[in-house]
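**Q** Model the full assembly from the supplied sequences, consistent with the hints where possible.
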Amino acid sequence: GNSVTQMEGPVTLSEEAFLTINCTYTATGYPSLFWYVQYPGEGLQLLLKATKADDKGSNKGFEATYRKETTSFHLEKGSVQVSDSAVYFCALTRNNAGNMLTFGGGTRLMVKP
Amino acid sequence: GAVVSQHPSWVICKSGTSVKIECRSLDFQATTMFWYRQFPKQSLMLMATSNEGSKATYEQGVEKDKFLINHASLTLSTLTVTSAHPEDSSFYICSASSKRVSPYEQYFGPGTRLTVT
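In order, the protein sequence lines correspond to chains A and B.
Quick note on the numbering used here: the first sequence kicks off at 28 and runs consecutively.
Quick note on the numbering used here: the second sequence kicks off at 1100 and runs consecutively.
Each hint should be verified, as a subset may be incorrect.
Here are a few chain A residues that face chain B, going by a calculated C-beta distance under 8 Å [as the list claims (entries may be wrong)]:
{"id": "1", "residue": "G56"}
{"id": "2", "residue": "V64"}
{"id": "3", "residue": "E69"}
{"id": "4", "residue": "T78"}
{"id": "5", "residue": "A113"}
{"id": "6", "residue": "F116"}
{"id": "7", "residue": "T120"}
{"id": "8", "residue": "N126"}
{"id": "9", "residue": "L128"}
{"id": "10", "residue": "F130"}
{"id": "11", "residue": "G131"}
{"id": "12", "residue": "G133"}
{"id": "13", "residue": "T134"}
{"id": "14", "residue": "L136"}
What the hints contain is simulated information worked out from the structure, not anything from laboratory work.
Think of the CB as a built atom: it goes at the ideal place given N, C-alpha and C, for glycine as much as any other residue.
**A** Following this line, the structure appears as structure tokens:
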């Protein structure tokens, strides 16, 4: 079956530090990959996505590249801000599978001023 | 576009009562809606999937009679927690999808925090 594995948090960084949150996946077929962000007390917001191998998703300074050879979709940001403090979820959906999402466990990021 | 709302955003109820949570797609017709449950500091757990006009498909371990899902129209799905107990206290999140909008995305509501006393 499909599965997503994320690095466990919390990840604590100082403002302007470089961020990497690792995500690897197991899936049959050709999944689409997503990063969602959840701010305290809120639902999930799509941060970025990639639908095929070697695609790079990017948004708000965050980037992730779909690496089929390593089955990874690591999230990176060059300079984090306090406002980036949130929980980040890596997820996948198999194309043509009814949009069923498989989530990783989530990684809490705390950015200190 | 692709906005999903939930109502209420939070609710407190007494043990033994029932609570209904609404999920609406505001600017698109959702062919499929999903209900998730999230415990503190944990990931989302899919409870059920519903398609408009048909019965919901529940995930293993989710009680159908306790969590009633009605997907009455292409823009509205409801989750009713019947005879709620303190262990049902959780954050409930819905999402909606439409292949006309995107073939692989779900759009999430802001969540409903349920506290059962």
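**Q** Confirm or reject each hint.
**A** Outcome of the hint check:
no.	hint	in the structure
1	G56	violated, 12 Å
2	V64	violated, 11 Å
3	E69	holds, 6 Å
4	T78	holds, 7 Å
5	A113	violated, 13 Å
6	F116	holds, 7 Å
7	T120	holds, 5 Å
8	N126	holds, 4 Å
9	L128	holds, 6 Å
10	F130	holds, 5 Å
11	G131	holds, 7 Å
12	G133	holds, 5 Å
13	T134	violated, 10 Å
14	L136	violated, 13 Å
The structure fails hints 1, 2, 5, 13 and 14 (numbered hints given earlier, in ascending order).
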